[in-house]
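Each chain, letter by letter, is given below.
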Amino acid sequence: MLLITCPICGPRPEIEFRNMGEAHIARPTPEGTSDDDMAAFLYLRSNPKGLIAERWRHVHGCARFFNAVRHTVTDKFVTVYEVGAPKPDLAALAADLAADLAAREAGR
Amino acid sequence: MTPEIKRVGAFEGLPAFPATSRVKAVPTGPLARILFRGSPAAAASVSAVFGAPLSTVPMRAGEAGGRAALWLGPDEWLLIGRDGEGEAILAAIAGAVAEPHSAVDVGHRNTGLVLSGARAVDVLNAGCPLDLHPSAFPIGMCTRTLLGKAEIVLWRQAADRFHIEGWRSFAPYLLGFLAEAAREYA
Ligand SMILES: [Zn+2]
Chain A
-5 MLLITCPICG PRPEIEFRNM GEAHIARPTP EGTSDDDMAA FLYLRSNPKG LIAERWRHVH
55 GCARFFNAVR HTVTDKFVTV YEVGAPKPDL AALAADLAAD LAAREAGR
Chain B
34 MTPEIKRVGA FEGLPAFPAT SRVKAVPTGP LARILFRGSP AAAASVSAVF GAPLSTVPMR
94 AGEAGGRAAL WLGPDEWLLI GRDGEGEAIL AAIAGAVAEP HSAVDVGHRN TGLVLSGARA
154 VDVLNAGCPL DLHPSAFPIG MCTRTLLGKA EIVLWRQAAD RFHIEGWRSF APYLLGFLAE
214 AAREYA
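As they're listed, the protein sequences go chains A and B. Residue numbers for the first sequence follow our numbering, so the first one is -5 and each next one is one higher. Residue numbers for the second sequence follow our numbering, so the first one is 34 and each next one is one higher.
Bound conformation, chain A alone (with noise of 0.2 Å):
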C-alpha cells in the first residue's frame, strides 16, 4: 500500500487520504473579473504529465488539509508542506528527481 507523509502523523496509508484538487489556486473577486477568468478559475486545472502540486487532507486521521506535490505518472509524493507554505519549485524538483534517476540508472 503506498504510504502519504502527513506533516503532522507521519508516514500513513494512503486510504487515509483524500485528495482535495489542485493547490494554490486563489479564488477571485467575482467584482470586475471576467466570466472567462472566473470560469478559469472554476474548471480549468494545470493536469500535467509530473509533477503537480496538490491539497490534500489527512481526513481518517488527524484531519488536518496539506499540500503535496506528487508525480502524476508514478504517484510518487515527492515532497509535502503546510497549508499556506508556499509553492515548491516544481521545475527545480523534477530536474533532482530525474538527476536522482540518473544516479540509480548509472549505479545499475
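Rather than coming from a laboratory, the hints here were simulated on the basis of the structure. Treat the hints with care, since some could be wrong.
What the hints assert, rightly or not - Have a look at the derived ranges for each label pair, beta carbon to beta carbon: (1) B/Ser168 with A/Asn13: 36 to 42 Å; (2) A/Met14 with B/Arg142: 23 to 29 Å; (3) B/Pro48 with A/Arg21: 49 to 55 Å; (4) B/Ser168 with A/Met14: 27 to 33 Å; (5) A/Pro5 with B/Ala121: 52 to 58 Å; (6) B/Tyr218 with A/Arg21: 35 to 41 Å; (7) A/Ala33 with B/Gly128: 36 to 42 Å; (8) A/Lys43 with B/Gly42: 52 to 58 Å; (9) A/Leu91 with B/Asp164: 36 to 42 Å.
Stated by the list, open to error - If we take Cβ atoms under 7 Å as the criterion, some of the chain B residues that face chain A in the derived model are: (10) Pro91; (11) Gly106; (12) Thr178; (13) Leu179.
Note that this is a predicted model, so its numbers are computed, not measured. From the three backbone atoms N, C-alpha and C, an ideal C-beta is built for every residue, glycine too.
Based on these hints, arrange chain B with the ligand on the given structure of chain A.
Same frame as chain A, now just chain B with the ligand:
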C-alpha cells in the same frame, strides 16, 4: 400510560464475539464522551479541570483517575469519562476556558469496545492498515484510522489491549468484522 424509555446498548442483540484464549472483544458499556476543539492554551486549561492531560504531542492519550484524553488532531481531543459524567465535564470546561472553543457531548454517537489478547493485533490488521508493531504504535498511542470501511479511533492501552471507538450505527459492522477476522484464531 406513560411510554417507557429503555436504554439499549449498541452491541445488544448482536451475535456474540467468538472469544478464545487468544482474542476477545468486550463492549465498554456506556461512557461519557466529549469532543473538545480549541487551541493548545485552551487544552491546557481543560487538562487542569478534566484531570487527564490533553496531550500536545500528536497521537498520544493522557490518562488519570478513570478518565482519558485522546489526541485526535492539533486542536481536537476526545475526552472519555465514566457514564453520567458528561454534563459535569461540559460545565467544568465552560468554566475553565474563556476563549472560543467547542465542546460537544458525543457519548450517544460513539460506542466502544476493548479488543484484547495475544492475537488482537492480527485481528485488527485484518482491516486496519496501520503498522501496529510496538515500535510504530506503542502503548498510549491513539489515532483516528479505518477498520474495513468504518472510521474508528484506535487507542493502545496495553501491549495486547486496544480500545476501539466507533460510531454507534457502525457497531454491528465493527463487531461483525472483528468476529470474522477472529475466526482464523479460534
Ligand atoms: Zn495526519
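Here is what the structure says about each hint:
1. For serine 168 of chain B and asparagine 13 of chain A, the Cβ-Cβ distance of about 30 Å falls outside the hinted range of 36 to 42 Å, so the restraint is violated.
2. Here the CB-CB span from methionine 14 of chain A to arginine 142 of chain B is close to 25 Å, well matched to the stated 23 to 29 Å.
3. The hint said 49 to 55 Å for the Cβ distance between proline 48 of chain B and arginine 21 of chain A, and at roughly 51 Å that hint holds.
4. At about 32 Å, the CB distance of serine 168 of chain B to methionine 14 of chain A agrees with the hint of 27 to 33 Å.
5. Take proline 5 of chain A and alanine 121 of chain B: their Cβ atoms lie about 39 Å apart, and the range 52 to 58 Å is violated.
6. At about 53 Å, the CB distance of tyrosine 218 of chain B to arginine 21 of chain A disagrees with the hint of 35 to 41 Å.
7. Taking the beta carbon of each, alanine 33 of chain A and glycine 128 of chain B are about 52 Å apart, not inside 36 to 42 Å as hinted.
8. Taken as a hint, the range 52 to 58 Å holds for the pair lysine 43 of chain A and glycine 42 of chain B, whose Cβ atoms sit roughly 54 Å apart.
9. Checked against the given bound of 36 to 42 Å, the beta carbons of leucine 91 of chain A and aspartate 164 of chain B, roughly 27 Å apart, lie outside it.
10. Checking proline 91 of chain B against chain A: minimum C-beta separation of about 6 Å stays under 7 Å; hint holds.
11. Given hint, glycine 106 of chain B at the interface with chain A, holds; its Cβ is 4 Å from that chain's nearest Cβ, closer than 7 Å.
12. For threonine 178 of chain B, the interface hint holds, the least distance from its beta-carbon to any beta-carbon of chain A being 6 Å, beneath 7 Å.
13. At its closest, the beta carbon of leucine 179 of chain B sits 5 Å from a beta carbon of chain A; the interface hint therefore holds under the 7 Å criterion.
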